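Let's have the full structure, built from the sequences with the hints guiding it.
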Amino acid sequence: MRKKKMLGYHRRRKLLINLVMLLITLALLMPLWYVLNNAFKAEQEIVRRPLVLRPQDFTMDSVIRAFRALKYPARFLNSSIILVVSCFFLVTLGSAAGFGIALSNSRFLNRIYTILVAIITLPFQLAMVPLIFMLKAMGLINSYLGIALVYTGWFLPFVIFLYTGFIRTIPKELEESGRVDGCSLLQSYWHIYLPLLKSITGTVLILRGVPIWNDLLVPMITLTRSTLATLPLKLFSFIGQYGASMTRWNLVFGGTFVVSLPILIVFLALQRLFIRGVVSGAVKG
Amino acid sequence: MSDTSAIRNYKGSRRKWSATTRRRFSCFLFVLPALLVILVFFLFPMLRSLQYSLTDWDGIGKEAKWVGLENFIWVVTESSFRQVFINTFYLIILYVPVLNVIALLLAIAVYNVGKVGNVYKSILFFPNVLSMTVVAFIWKIIYSYNGILNQLFRAFGLESLAQDWLGQAGTVLPAMSVSIIWFAIGYYLLIYLAGLYNVPVEIYESAEVEGVNPVQKLFRITIPLIAPSITINIILSTIGIITLFDLPFVLTRGGPGYMSETIALRVYSYAFVTLQTSYALAMAVILGIFAITITLIQLRFLRRREDVLL
Amino acid sequence: MKKALLVLSILLLAGGLAFSAGQQGGQETVLLTCAIHIPDIPEKFGEFLEIFASENPYIKIDYTTIEDVETFLKPKAATGLMPDFISINGGDFGADLVDRGILIDVSNTAAAKNTVDAVKPQFTSPQGKLFGIAGGVSSSLVYYQKAVFKDLGISPPKNWDEFLKVNQTIKGAGKTAIIITPVDGTIANTAWSHGFANNIVPSNTDYFQKFDKGTMNLDTEAHADVFAKVKMLADRGYTQGGLLSTAYMDGNQLYVQGKSVQHFAGTWLAGMLLPTEFETDVYPAPWNASGKTKVPIVATETGWGVAEGPHKKEGIMLLDWLNGPGFHYYQNARGNIPHVKDPMGEVKLDAKIKTYIDDVYTYKLTAGLWFEFIPAATMQLIPKLYQEVLLGQKTPREAAAAFDKAAKDAVK
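Residue numbers (our numbering), protein chains in the order written: chain A, 50 to 334; chain B, 376 to 685; chain C, 424 to 835.
Quick caveat, the hints were computed from the structure, so don't treat them as lab data. Fair warning: this is a prediction, and the values are worked out from it, not measured in the lab. Hints should not be assumed to be uniformly reliable.
[As the list claims (entries may be wrong)] Cut-off 20 Å, straight-line C-alpha distance, at most; resulting in silico cross-link-like pairs (SDA-like, lysine to any residue):
1) A:K120 with C:P465
2) C:K831 with B:L650
3) B:K490 with A:K120
4) A:K185 with B:F447
5) A:K185 with C:A500
6) C:K483 with A:N191
7) A:K63 with B:L650
8) C:K573 with C:G597
9) C:K715 with C:T628
10) C:K636 with C:V834
11) A:K63 with B:K592
12) A:K63 with B:E580
13) B:K437 with C:A501
14) C:K569 with C:K831
[Stated by the list, open to error] If you want a taste of the chain B side facing chain A, the calculated C-beta under 7 Å gives, among others:
15) F416
16) P420
17) A439
18) G443
19) F447
20) N487
21) L593
22) T649
23) Q651
[As the list claims (entries may be wrong)] Listed next, the stretches of chain B that the computed footprint assigns to chain A, with coverage defined by at least 3 CB atoms under 8 Å from CB atoms of chain A:
24) 398-408
25) 457-471
Glycine included, each C-beta is placed from N, C-alpha and C at the ideal position.
Dropping the structure here:
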């Protein structure tokens, strides 16, 4: 009898929670819907009917105009190259470092590791100004390599933290047995450990790749040539010219929509991976 | 004869010793490239900031005259700094507690709804994959005088509530905070959820049997058991809001007046707008000290609570 | 498999590095880097540059639009990364650049010879070098809806008191009287410049030099009034809703949509603000006290300069083209007041603007626009000070004092 009552109570509670959650998620989605439905409207309609997209109002015009004005393909390419190069550095240098730290029994390296973890909390602004002047002196302004190195230097401590934590969970016997078989450290890194790092690498790519793709500050201060601008940077300068002003809203909406599209597609396709990545990254924390 | 055997023995022991050292050295080689990059592109500039903040370096020439704390005194006594500091603090207060409370409650809700929770998780996390630039532009339009928020108020006859959200001193920071919470809530929700999953289900079950009511369950059981997650989230969200740049920059550029200018924005302004490099460095150092101090205080306070509760 | 991954990653890395290397290389074609400040017609100007490039096929254009000339160029000048062809304002910033040899002296170019003398002084350095060609003659004035004025029985006010009365009448009819834009430099182009011109210039006709030397005293009631006037307009409810978040283009769009009866803006916006659905006319800004002669604004518009460097020949070619055969593209897109003596091709200049500027030329005393004479480091202060005054955080006198201090500090 009591069990039945409890079951009913549970069910009612679940229903209530579901209702509340539904409302909350709908409220959260509102701003996104606001952008989405207005990206496909003409200027005047946005003000007249801000939340409803009637079939007769549908037009690709704003999106296409924004696409052209942003010189989208070039920007997309820029963002992609920066992402790939940065992630390449982060993954290779980070996994190697994590490997080295986790497998040595050196007190020295452990101390270095502790320092690295502490560095994670330091704000970027502390390094920002001299970093820019240094890049200028090295001729790395306006270069993909320069930006990638900035991101690498900034995010490596965190990436090393993730890799070290993960590798430490791998039983040491693996490396020892490799050594018995005559593997050098390099070989055991390459053949034994690297394949095992797939999942943590996925986490790294998501936790750092997304912020790199979306970042505004670093490209803004390291690039002077607009041809190298990334998507967020170009969106910013583009809208800054027109201002988020009344009748240009269709371009603002079209622009934000089209800039967000790639990451949205990736997210929708890889949702599980994203969430798993964030969660496992958090657990390590 | 005895000499050569002695030499041979000596060589042998040296070889054993160098194997371990060689291994240590190889491990170090694995770490070296990463260390170099971090040193050159992060630590070294940081030390330079500290060093040059005590000079009148303008970033371009090589000359840097020692001026001691003059830069710091100037930026701190500058008339608008007081407001900037208050803004930064105020934003922390507006953001960290609200974000964490909402995230925790949502996590508990998602935990309790079963399978459909995965859908909620995805939707709530959605804004986090957008660029902060995009988020800022979206909310800039929502909050604008003739934007959707005011339009809704006017449509429902609540004319008096329709205001210039981003142009008024009293509403700009809360409005900004809402947009940041919208962006970040999914991320923190997931962390709390992970913490909740770590709690053994039996504890909740036995609580049910004992007839513990939800409020007691929350405060007596849940919160103590996920204390590490709470600690992490509070520290992360605080550091995050202190160093936040992209969103405030695009949303308000620090306006109106200086009402939404944070210390992080100020560093950028000194460095790249008014081109006063030594002030930018002083402000950056202040930002660093501020962030580190608050983090340490939080760590001490929260870790102690963690120990007590566990 | 692993080998493939290794090869792939090396290829990717090489590709990325090659790309970055390639970005910095130059070949036989001349890549002319152009950094232009032209916020109302950025796309169009890019098109004009492409027309120039198509007439000179060995030149390729790298076109960047910039928000603020001084902020963008100062670090470039310091590190030697100056773009070849730049926008430059009249005033001490450009003068300093040409005297340091970073910009070239363009006095002997065809463009300079084709330019009216009136716009050369602001672009001439203390060493007598001409560092830029003005982009036009500019002024700021009040645009207004003719029909509304007729309906309400009012006519363009001639001084400040009449202006307040006109605004009161418009407000009484339930409309927004005037658009003020305090978020960015627009307010300096309008309210501040006219306030300065009428309150301060008559007793300080050597204000250019005073600013240079740091002897311009701005901690005065006269200067405080410059801020107080805008506060008065806001307090009396003559300005648009959402005042403190209205930026340059927001204000323009509001007027074009008919959301305000008057708009205080520059002559360079004539191309956008005059052809509205309703009839728009203009009148000189009535920032003078009743009984006092107006001091109108005659200023140069952001012009162009050429940097010293390997591409200066091509830069000069572009300069001559923009102020010669290609002038009409630019002029007709903006409809502002031409600075060239002989505009080749048909140029468009709205009759209303022509009437206005002909009238302005009759005044003996005129003043320049703010950015032509205030120290570069104080420019971003003016909008901020207005915002603080409008928020009630500073009194007009405190704002005046703050600006005075900053202007003097900047010269030290």
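Status of the hints after comparison with the structure:
1. Restraint check: the Cα-Cα separation between K120 of chain A and P465 of chain C comes to about 14 Å, which is no more than 20 Å; the hinted pair holds.
2. With a C-alpha separation of about 17 Å, the suggested pairing of K831 of chain C with L650 of chain B holds against the 20 Å cut-off.
3. Taking the CA atoms of K490 of chain B and K120 of chain A, the gap is near 43 Å; set against the 20 Å cutoff, the hint is violated.
4. Taking the CA atoms of K185 of chain A and F447 of chain B, the gap is near 26 Å; set against the 20 Å cutoff, the hint is violated.
5. Only pairs whose Cα atoms come within 20 Å are accepted, and K185 of chain A paired with A500 of chain C is accepted, the gap being roughly 13 Å.
6. In summary, the hint linking K483 of chain C to N191 of chain A is supported, as the alpha carbons are separated by about 18 Å, within the 20 Å threshold.
7. Taking the CA atoms of K63 of chain A and L650 of chain B, the gap is near 57 Å; set against the 20 Å cutoff, the hint is violated.
8. Annotation: proposed proximity of K573 of chain C to G597 of chain C holds, straight-line Cα distance about 16 Å (limit 20 Å).
9. For the given pair, K715 of chain C sits about 16 Å from T628 of chain C by alpha-carbon distance, which is consistent with the 20 Å threshold.
10. A distance of roughly 7 Å separates the Cα atoms of K636 of chain C and V834 of chain C; the hinted pair therefore holds under the 20 Å criterion.
11. Between K63 of chain A and K592 of chain B, the direct Cα distance comes to roughly 17 Å. Compliance with the 20 Å bound is thereby established for this hinted pair.
12. Restraint check for K63 of chain A and E580 of chain B: the C-alpha separation of about 16 Å stays at or below 20 Å, so the hint holds.
13. For the given pair, K437 of chain B sits about 12 Å from A501 of chain C by alpha-carbon distance, which is consistent with the 20 Å threshold.
14. With a C-alpha separation of about 44 Å, the suggested pair K569 of chain C and K831 of chain C falls outside the 20 Å cut-off, and the hint is violated.
15. At its closest, the beta carbon of F416 of chain B sits 3 Å from a beta carbon of chain A; the interface hint therefore holds under the 7 Å criterion.
16. Taken as an interface hint, P420 of chain B checks out: its beta carbon lies about 4 Å from the nearest beta carbon of chain A, inside 7 Å.
17. The criterion of a C-beta within 7 Å of any C-beta in chain A is not met by A439 of chain B, whose closest approach is roughly 11 Å, and the hint is violated.
18. Here the hint on G443 of chain B is broken, as its CB sits about 19 Å from the closest CB of chain A, past 7 Å.
19. Interface restraint check: F447 of chain B against chain A, minimum CB-CB distance 14 Å, threshold 7 Å, status violated.
20. Nearest Cβ of chain A to the Cβ of N487 of chain B: about 6 Å, under the 7 Å cut. The hint holds.
21. At a threshold of 7 Å, the smallest CB-CB gap from L593 of chain B to chain A is about 14 Å, leaving the interface hint violated.
22. Checking T649 of chain B against chain A by beta carbon gives a least distance of about 13 Å; that is not within 7 Å, so the hint is violated.
23. For Q651 of chain B, the suggested interface contact is broken, since its CB lies about 11 Å from the closest CB of chain A, more than 7 Å.
24. Coverage of the stretch 398-408 of chain B by chain A holds [criterion: at least 3 residues with CB-CB distance below 8 Å; count 9].
25. Counting residues of the stretch 457-471 of chain B whose C-beta sits closer than 8 Å to any C-beta of chain A gives 0, which falls short of three, so the coverage hint is violated.
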